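Colleague: Residue strings, one per chain:
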Amino acid sequence: MADAIVSGISVATGIAIGKAYFVNRNHMARLPRQTVASDLVPEEIKHLHKAFATVEAELTAIRAQVPEELKSHASLIDTHLMMLKDPKLSGAAEGYIKSLGLNAAWALEKAVSDQERAFGAIKDPYIRERMQDIRVVADKVQTKLMGVDNDITAIEGRAIIMAHDLTPADTVELQVNKIMAFATVRGGKTSHTGIMARSLAIPALVGVDKLEDAVHDGDLVIIDGLSGKIIVNPSETELADYTERAAAFESYTRKIKRQCNLPAETFDGSRVQVLSNIELVEEVAAVIDNGGEGVGLYRTEYAYLNRTDLPTEDELTDKYIDLAAIMAPRKVVFRTLDLGSDKFISTFGELNETNPAMGLRAIRFCLKNPQLFKVQLRAILRASAYGNVSMMFPMISGVKEVRQAKAWLAQAKAELRREGLDYDPNMPIGTMIELPAAVMIAEYLAHEVDFFSIGTNDLIQYSIGVDRTNHHVSYLYQPLHPATLRAIKMVVDAAHQAGIEVSLCGEVASDPFCVPILLGMGIDSLSMTPQAIPGIKRIIRQTNMHDCRKLLKDVLQCRTVSRINNLVMDNIFKHFPEEVSFFSSLLENDELPS
Amino acid sequence: MTEETTTSTSAAGHYLSRQVIVASENGLHARPAGRLAQEAQSFEASISIVSDEQVVDAKSILDVLTLAAGPGHILELRATGTDAEEALNRLSELFKNKFEEA
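Heads up: the protein sequence lines correspond to chains A and B, in order.
Using the numbering used here, the letters of the first sequence map in sequence onto residues 14 to 607.
Using the numbering used here, the letters of the second sequence map in sequence onto residues 8 to 109.
Please note that a few of the clues may not be correct.
[As the list claims (entries may be wrong)] Below, simulated DMTMM-like cross-link-like pairs (lysine to aspartate or glutamate); rule was C-alpha separation at most 25 Å, straight line:
| id | chain 1 | residue 1 | chain 2 | residue 2 |
| --- | --- | --- | --- | --- |
| 1 | A | Lys-387 | B | Glu-32 |
| 2 | B | Lys-105 | A | Asp-327 |
| 3 | B | Lys-105 | B | Glu-32 |
| 4 | A | Lys-59 | B | Glu-51 |
| 5 | A | Lys-136 | B | Glu-32 |
| 6 | A | Lys-98 | B | Glu-51 |
| 7 | A | Lys-98 | B | Glu-46 |
| 8 | B | Lys-105 | A | Glu-328 |
[Said to hold, decoys possible] Quick look at which bits of chain B chain A covers, simulated, 3 or more residues with Cβ under 8 Å:
| id | segment |
| --- | --- |
| 9 | 29–39 |
| 10 | 42–54 |
| 11 | 60–72 |
Just so you know, the hints here were simulated from the structure itself, not pulled from any lab data.
Here the structure is a predicted model, which means the values were calculated and not measured.
All C-beta atoms, glycine included, are put in the ideal place defined by N, C-alpha and C.
Model the full assembly from the supplied sequences, consistent with the hints where possible.
Modeller: Written out as structure tokens, the structure is:
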């Protein structure tokens, strides 16, 4: 048996076997709280300053090596350097060594928590976030002080990177060719770690609670990005088993990748569009490489995050034109700003809500800030002249919101016309269906727009009333809940009744086990992470609509999730035995907490 | 904004002071705060920034950040020491050109 098995959220699939290497460990958990004898105080202060100086020298060296295209990250290193030199950190720590006789690491920790208190009172979330930078800096120094000299830049050989958290600044320092996989304590599905891992095509887990207790530097670990597990110091049998699975998964991935440019067509000739969800223009390469037929969801908010000013219309237009032109004649669906909830920009920092998931977010936020909304609408319209562009509004709860959004769009069009700027006057407009309210009035909404796109991640959360990042209730987050399936079915039916197309862009679209059910409903397109495309296309090509409709019919008669899961499993065993061995964990959800 | 330098006396002795306005669109965020602290560190004088009743050390990026001074915010720079005048000139210049490299 392994020493330990811990689980987290998989943000990039695959299996990696290698040595664990910790960076940014949360040292406080094991920091020795010691006092030093008064005659040793000068020695301890020297120790402290030496650690600061070492980190400063390292950061300066890293800064000099930052490639030109990452210069924006370099300013983060500058900020870190300033914090290192700041008397409020080193000076205060020195003071605590003198006055309280603390050891250097604890004295620094006390200085950091003073800052944490000062920053905690600040309303501006951007400035409050700088607290994380102080943490990062202090952590580097504490690492030196504790003699565990684990530096990101010092990795020898290839390793599996473990961290409390990885910031964009950290990733600048990573030597990517040495990394086999990532695992972090912090972070969610959309964190930087996930994006990074997916672009490197290596497995990654985030939200691994017990990571720092269970794994030590140099441990042999297996990262199973398929089931979201880390196996620490596996037994011979486990190791042999996983080595085999890793090889099998690799050959499966290669095989499906070779066929990824074949059409997504069922045995009996039904075509489904397979599109991709992306947030960076750079991801188009992955979309095309993996056989994506277009971009079904471009998350426009990324351009607004991690900066202190708002992007200008020209800046957005350039970016959007790039995307539209590269993908043309394939389609690109721009989702208008989906800020709020967990994504904020500092310019609107005052927004402090007790229940942000139900607050001023997405289209609500845009309709309250029409100036900002219009800039984006104009940029998307201008890009529509260069490619096959559509646009959709997130978080629509009623007909009036759609009409208001369309009114702003009409105004933007009129302005562009007056200014003699080109756009596609027939650019299709859609709404996201993410709220139960939108599901229930889908037939009305269908008359207002050209297409629907069902966002299942939010739809499931709002339908079941569950925050899937909340450990206590995340077991209730079930894509195959009868309510979810009925909701999706209602929306597809309403769309087709009105003669408009319907797409699905939640994670369900990239779940090979859910896809046959969606096909059975007659969904027109599925949009997913680029990496999932080859596998989903393969599923589509291995099935026929007759079977899918039969499965859907049976599934819709089930009253419980476990019953549905069983049916889906049977179907998969029968038709896609190869996928079972890799993806069965997706169905491990049950109705009761274990 | 007034360019006037005032000489005042407090418990800490004589100091020079000048009012500045935060003109940068996003207030005193990380980059301008870092720049300010960096420039302040190059002077002998001890320099503080006063905002409402908060008084912070201009040489500390962390202190400057905790002011959370937004656009339009009026601050007072105070300096004591041999190069106080020079320091105030340089720092108010930074505020005036919105912390652009120049």
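Colleague: So which of the earlier hints does this model not fit?
Modeller: none
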